[in-house]
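Each of the two chains sits in its own frame; use the hints to bring them together as a complex.
Each chain is listed here by its residues.
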Amino acid sequence: MEYETKSGRAGPGNPTSPRQSVRKNLDFEPLSTTALILEDRPANLPAKPAEEAQKHRQQYEEMVAQAKKRELKEAQKRKKQLEDRCKLEESIGSAAQTWNQEILPNWSTMCTSRRVRDLWWQGIPPSVRGRVWSLAVGNELNITHELYNICLSRAKEKWKTTAAPTTDTETEDIGSSDRESSLELIKLDISRTFPQLCIFQQGGPYHDVLHSILGAYTCYRPDVGYVQGMSFIAAVLILNLDTADAFIAFANLLNKPCQMAFFRVDHSLMLTYFAAFEVFFEENLPKLFAHFKTNNLTPDIYLIDWIFTLYSKSLPLDLACRVWDVFCRDSEEFLFRTALGLLRLYQDVLTCMDFIHMAQFLTRLPDLIPAEQLFQHIAAIHMTSRNRKWAQVLQALTEQKRSGARQPGAEALS
Amino acid sequence: MAYAYLFKYIIIGDTGVGKSCLLLQFTDKRFQPVHDLTIGVEFGARMITIDGKQIKLQIWDTAGQESFRSITRSYYRGAAGALLVYDITRRDTFNHLTTWLEDARQHSNSNMVIMLIGNKSDLESRREVKKEEGEAFAREHGLIFMETSAKTASNVEEAFINTAKEIYEKIQEGVFDINNEANGIKIGPQHPTTSSILTSGQGGQQAGGGCC
Chain A
1 MEYETKSGRA
11 GPGNPTSPRQ
21 SVRKNLDFEP
31 LSTTALILED
41 RPANLPAKPA
51 EEAQKHRQQY
61 EEMVAQAKKR
71 ELKEAQKRKK
81 QLEDRCKLEE
91 SIGSAAQTWN
101 QEILPNWSTM
111 CTSRRVRDLW
121 WQGIPPSVRG
131 RVWSLAVGNE
141 LNITHELYNI
151 CLSRAKEKWK
161 TTAAPTTDTE
171 TEDIGSSDRE
181 SSLELIKLDI
191 SRTFPQLCIF
201 QQGGPYHDVL
211 HSILGAYTCY
221 RPDVGYVQGM
231 SFIAAVLILN
241 LDTADAFIAF
251 ANLLNKPCQM
261 AFFRVDHSLM
271 LTYFAAFEVF
281 FEENLPKLFA
291 HFKTNNLTPD
301 IYLIDWIFTL
311 YSKSLPLDLA
321 CRVWDVFCRD
331 SEEFLFRTAL
341 GLLRLYQDVL
351 TCMDFIHMAQ
361 FLTRLPDLIP
371 AEQLFQHIAA
381 IHMTSRNRKW
391 AQVLQALTEQ
401 KRSGARQPGA
411 EALS
Chain B
1 MAYAYLFKYI
11 IIGDTGVGKS
21 CLLLQFTDKR
31 FQPVHDLTIG
41 VEFGARMITI
51 DGKQIKLQIW
61 DTAGQESFRS
71 ITRSYYRGAA
81 GALLVYDITR
91 RDTFNHLTTW
101 LEDARQHSNS
111 NMVIMLIGNK
121 SDLESRREVK
131 KEEGEAFARE
141 HGLIFMETSA
151 KTASNVEEAF
161 INTAKEIYEK
171 IQEGVFDINN
181 EANGIKIGPQ
191 HPTTSSILTS
201 GQGGQQAGGG
211 CC
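So the sequences go chain by chain: A and B.
Note that full-length UniProt numbering gives residue 34 to position 34 of the first sequence, counting from 1, and the numbers run on in steps of one.
Note that full-length UniProt numbering gives residue 2 to position 2 of the second sequence, counting from 1, and the numbers run on in steps of one.
Just chain B, with the same shape it has in the complex (with noise of 0.2 Å):
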């Protein structure tokens, strides 16, 4: 399908915070009470329209165990978003984010957008976070921030969406060198009928291999 723009997203934090369950909600609008382990790494996509125009998101959805950070590190190249989870009802995983947003900033563009989500907020019963400490920390460090729940679907679309209208709007301000597809995003076919999109898939891996 014809897309405007493409962009690669990753989706970072601990394990078990509801990562991959966020993938699914958003891509299959499904919710799996027990999702499998994710080991290295699984995908998504959508389509998203942005001011009247289509942009594809590739989603990598990243395994969380703090073992794997220096695979997970190889996957952020190319990233023009990043989802960085953490489970309200843990606390260990809001202690963590730090570490997270240091691997995030290291191994990324700069111009990266950083959604921040608490995720789980379906369980008020069984907060460990107070929202105020997520805005707080997001503000901080310059995120945005959202409280989803993947079980219910709330706030799911507008968080990938959200993140997706600020990396449009760097776009418009020039922020993001397009042309660049080490920034993560991808101008779509100008002539789908060329099937260039079968060709023009990036791994994201090589140095100045984009998104797609």
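Extracted from the complex, chain A is given alone in its bound form (with noise of 0.2 Å):
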């Protein structure tokens, strides 16, 4: 299970490990003790006085008594822990147990209940996560299986014919030498994509899946095309559907209003999005917000790579699918809302750092982040200002930028 293999990696250093093996039946013989032996001064030495060997013997019952007091602790530690997973795997047990047979055979009756939702913000099961999110994306554009595998045929003629003449420099044509790159930097950044789970590089068992999800893609709208950052999201997805509903799900996902803008690389719809961005910024982390401003810290420096990936390539693998869950449920509000969590759990060190510091951080986020801590404080965002919500508030820069009004955000960045 991924949760497992990725606290195992991070987990701090484990005790070495034949005492490992001696501490599966131990709960409190303290082994580092067996190093704490009090003996006798060597013979071709002055026996110690009493009252010397006295002390020393108090201090090594100390020593003792508080390594004891230490193993105790570590053990009871230990416990603790495994207790908390057994825990955890028991609620996505049972959590996996009622979106079987509750939720999704009623799905469109349940989908909005209160119970409903509050088991969707704890993180849907791996083993249904897949189902939940096609069901939630859903199929606006009516994509079936068969236009699927006839995009990916389409696609796999146009590798066919462009990949004889790759030698030759030299295309007359703009716009096939056009497609021809793209096709190219598909291939290219198939490898960068998770390059650290090895599964789709080349010779991997998801890199044919990963590159025919694109490329269908490509030719199912070759006025989008393929644009960096769509690798990441297509690869999470294989990683939890099937491939046909995997590009089902991507079609319609990149056609939110929001995916569109940004992998359409509409600037000025992108700058829209950040001010709006701002407004709840200033409006939930007032003090932060003037730091960033000082330091002329703009959205776009970290905001762009979370919003073209989905933080599936800031955020550990894990949590980012905890995220895609509740972004299935609360669309593209939410994206900008985990931002503001993420900003609102590093206030108090992104306060203490200068512009580099602070771009470093926000693009190369820790490796660790706590998955509860994060959604607390992602959930102490509002995302309301002066009564206005989200979707408001970026309605009405919309229009402010149609009437040709300035706006804070835009000058600093158009």
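These are calculated hints, taken from the structure and not from any lab test.
Any given hint could be a false lead.
[Said to hold, decoys possible] Dumping the calculated DMTMM-like pairs for lysine to aspartate or glutamate here, alpha-carbon to alpha-carbon at most 20 Å:
#	chain 1	residue 1	chain 2	residue 2
1	A	Lys87	A	Glu71
2	A	Lys79	A	Glu90
3	B	Lys165	B	Asp177
4	A	Lys87	A	Asp118
5	B	Lys130	B	Asp92
6	A	Lys160	A	Glu89
7	A	Lys187	B	Glu66
8	A	Lys187	B	Glu132
9	A	Lys187	B	Asp177
[Stated by the list, open to error] Listed below are several chain A residues computed to face chain B (Cβ distance under 8 Å; list not exhaustive):
#	residue
10	Lys69
11	His145
12	Leu188
13	Thr193
14	Gly203
15	Tyr206
16	Gln228
17	Thr363
[Unchecked claim] If we take Cβ atoms under 8 Å as the criterion, some of the chain B residues that face chain A in the derived model are:
#	residue
18	Thr15
19	Gly16
20	Leu37
21	Ile39
22	Val41
23	Gln65
24	Ile71
25	Thr152
26	Ser154
27	Asn155
We treat Cβ as the ideally placed atom computed from N, Cα and C, and that holds for glycine.
Given below as structure tokens:
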């Protein structure tokens, strides 16, 4: 299970192995005291005076007592960790059952209920995650498996025709050279998608699937084509859904207004999104907002990566999936709320940093991010500003822009 | 840490030419054969010494895909130096240099020093662009030129440091107005104890917002 490998890899150095093997059935025989043996002074040296011997014995006993205490504490901590993990697994198991038996069969009536929404917030169990995402994202585009296969075979045809003359560098027709480079680029980027997982790289089990989905998409939406960042979204979907269903979810996800704005690199609309984000940033975290302003740290510096890849590149994968869970429930608003949650979580650290350190920190978040804490911080972010919700703020800013009015944020970026 | 000057650099060039790998080699002295894709912009920083002066380099490493050009453009502002990178094993990355250069000239300060870099010089057997071609392009457009290998670290230090030397010389000659931060140069805090470093960082996004 992903959770385990991740926490195992990242966990603090475990005790040395010989000790560990004994530790299994000991609860408090304080092993570390075996090194603490009180020995008499060697025979070739004069014996200790009684007072000193007494003092040493006393010190020795104190050391042993302390070691015992420490061991006991550690044993309790381990026990608690084990219990927590069991509890977590149990709750995932029972949640999976609830999703499978109660919620999924009655999706349309239950998906908006309070209980389901709460359960949803806690994270969808991995075994039903893909199905819930599919249902939540929907299929407005009415893409069928057949359509996917048609797009895929078109893509394959193109690969065949462009694969032959790759050596020739003079392409007369700009259009075809662009398309060619887009296909080339997909190849280049697949190996750079989650390289640490080693499953999308050449020869890896998901290499061809990722290639297929991205290729099919460029045939489905030639006007959008392949844009960097897409490979991460497709990869996360592949990990949770069968290929054709992953494609359907992928195309529908990218068709959402925020994703379309970003993947078409509609710069002016992106700036509107950033401006809306800044409204809620200032509202929720005024001090940090002022600090960012003083340092000229604009949202495009960190938000672009977060929004383009839906956090899959910047957060640990299991945590990114939890963000996706609620993103599927709450739409684009949740992406920006997550950003604010992250900023809130690291507010104290960021306030002490200068521009370059903040920029580096935000574009390369810590490897270990406490999931529960992050979600608490996200929950503490209010997505209302002067009684207006996200969509209203965005709408107002869009209209403002349309009527040519200047707005904060825009001048800094344009 | 105290520094005499701070220079903002931007690394540009087609996707996959090794921009992030050059940066990683320069800042961390290591090479990652499969680097993560850069979306938007990433950052690096390192202190160097020129003429006995501590100079802090603040480096903006940008995404290379054509579609992102409109985003990258806003990152030029306030850059004192640019590393324009192509891949010697991919002719098309060399062919695109003209458009990169146009973009750079148009969106940056006219004194910005541009270093042309032909990267992946370790892959001699797959070379598609001759060294002479790179030199000729640089000469024609008034750029400094070097071939580097982020993998073997060959010329990587030199590329970053020579760019800084050129900027430093321009400062000495009075070409750069160092009091105008839009030039991508910032004078270090005179009294490090007041920790003005913490408040002096600049995103280089606003008009007049320079480099730091």
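Status of the hints after comparison with the structure:
no. : hint                : result
1   : A:Lys87 - A:Glu71   : 24 Å, violated
2   : A:Lys79 - A:Glu90   : 16 Å, holds
3   : B:Lys165 - B:Asp177 : 16 Å, holds
4   : A:Lys87 - A:Asp118  : 18 Å, holds
5   : B:Lys130 - B:Asp92  : 13 Å, holds
6   : A:Lys160 - A:Glu89  : 47 Å, violated
7   : A:Lys187 - B:Glu66  : 16 Å, holds
8   : A:Lys187 - B:Glu132 : 30 Å, violated
9   : A:Lys187 - B:Asp177 : 45 Å, violated
10  : Lys69               : 42 Å, violated
11  : His145              : 29 Å, violated
12  : Leu188              : 5 Å, holds
13  : Thr193              : 7 Å, holds
14  : Gly203              : 13 Å, violated
15  : Tyr206              : 15 Å, violated
16  : Gln228              : 5 Å, holds
17  : Thr363              : 5 Å, holds
18  : Thr15               : 7 Å, holds
19  : Gly16               : 5 Å, holds
20  : Leu37               : 4 Å, holds
21  : Ile39               : 4 Å, holds
22  : Val41               : 6 Å, holds
23  : Gln65               : 5 Å, holds
24  : Ile71               : 7 Å, holds
25  : Thr152              : 21 Å, violated
26  : Ser154              : 23 Å, violated
27  : Asn155              : 24 Å, violated
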